[in-house]
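Chains as they are written, first to last, in the numbering used here: chain W, 1043 to 1159; chain F, 1467 to 1584.
Source of the hints: derived by calculation from the structure; they are not laboratory data. Quick reminder that beta carbons are idealized off the backbone N, C-alpha and C, glycines included. Check each hint, because a few of them may be wrong.
Claimed, not checked - Distance ranges between label pairs, derived from CB positions:
no., chain 1, residue 1, chain 2, residue 2, range
1, W, Thr1059, F, Leu1550, 33 to 43 Å
2, F, Gln1535, W, Lys1062, 37 to 47 Å
3, W, Thr1159, F, Thr1526, 22 to 32 Å
4, W, Glu1094, F, Gln1549, 36 to 46 Å
5, F, Gln1480, W, Lys1062, 40 to 50 Å
6, W, Leu1110, F, Gly1509, 42 to 52 Å
7, W, Pro1152, F, Gln1480, 45 to 55 Å
What follows is the residue order along each chain.
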Amino acid sequence: GAVVSQHPSRVICKSGTSVKIECRSLDFQATTMFWYRQFPKQSLMLMATSNEGSKATYEQGVEKDKFLINHASLTLSTLTVTSAHPEDSSFYICSASEPPGLGWEQYFGPGTRLTVT
Amino acid sequence: AQKITQTQPGMFVQEKEAVTLDCTYDTSDQSYGLFWYKQPSSGEMIFLIYQGSYDEQNATEGRYSLNFQKARKSANLVISASQLGDSAMYFCAMREGPTYSSASKIIFGSGTRLSIRP
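Looking at chain F on its own, in the form it has when it is part of the complex:
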């Protein structure tokens, strides 16, 4: 069963507008972490933001914020004031199990290709 669902294969947004990328997840673990990664055409995976399942506040990192709704099992990424350099693939990911366990693996959603229009 798919555990990370990204329902938007592609999105087009005007420069300087805010954009929300959707992500829902499924887990029976109480302890888990949610991540967003950006993958430009070069292929490198760039870490953007992290939300722990026990974190009460939504995570923010500069222009990135994570809208964490635990009861709905959603972890949407919000990018404010989008820039041309934001054009890339974006992956939502989840790591189950205790955060102190280095062996717990990360699984990825199918990704959303974001294109910023000038």
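If we strip away everything but chain W, and leave its shape as in the complex, we get:
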């Protein structure tokens, strides 16, 4: 199956700083990527849908100015957590879909564990 990578896998930052998380599709072009957040012992909650070359679509309740998403190429989407606070500490997972017509599956990255101190 297709491979999606995330970097970094783990990051610790101080409150008030910004953190960038990268999501890459390694062997396919991803027109659409998705960002999820998962708090401990909870399910994955979709934060936003990232479309290559256009603005991301955010889910209700997700702050656009706090979670900046950039999908500059067909293989890379980035999530920047701006002015991070301890409550932003979470597990962030991205997924990517192949272009339409080539498959139905979303491929998940391994996740990034963010800890804000």
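Based on the hints, put chain F in the right spot on chain W.
Structure of chain F alone, referenced to chain W:
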């Protein structure tokens, strides 16, 4: 409104026994897909099995099978001959809309933590 419901927060099963994890869903779309994912403690999401709304046969993948009852809107996962390595969180998920649309998003249920006893 919650669209994917998993009513079993946790389950304990003896090794080598079969186990059924429940999942019900709600959608008004005619075209949708149902998934099961396994999430071990490492956090990675491991795809297990997929069932399309138009598939007439229940999906099977090795020890995993999906008991799809469309009229009841249920998509239970059956794991046969459970193994210690099956201990993990299991999520049922649904993707609405045409399967050829890469933009249709997947939504997840709350998950079931499965623990296999030796």
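Each hint tested on the structure:
1. Thr1059(W) to Leu1550(F): 33 to 43 Å: holds (41 Å)
2. Gln1535(F) to Lys1062(W): 37 to 47 Å: holds (44 Å)
3. Thr1159(W) to Thr1526(F): 22 to 32 Å: With Cβ atoms ~47 Å apart, the hint is violated.
4. Glu1094(W) to Gln1549(F): 36 to 46 Å: Between glutamate 1094(W) and glutamine 1549(F), where Cβ atoms are some 40 Å apart, the hint holds.
5. Gln1480(F) to Lys1062(W): 40 to 50 Å: holds (46 Å)
6. Leu1110(W) to Gly1509(F): 42 to 52 Å: violated (23 Å)
7. Pro1152(W) to Gln1480(F): 45 to 55 Å: violated (31 Å)
Checked against the numbered hints given earlier, this structure breaks hints 3, 6, 7; the rest are met.
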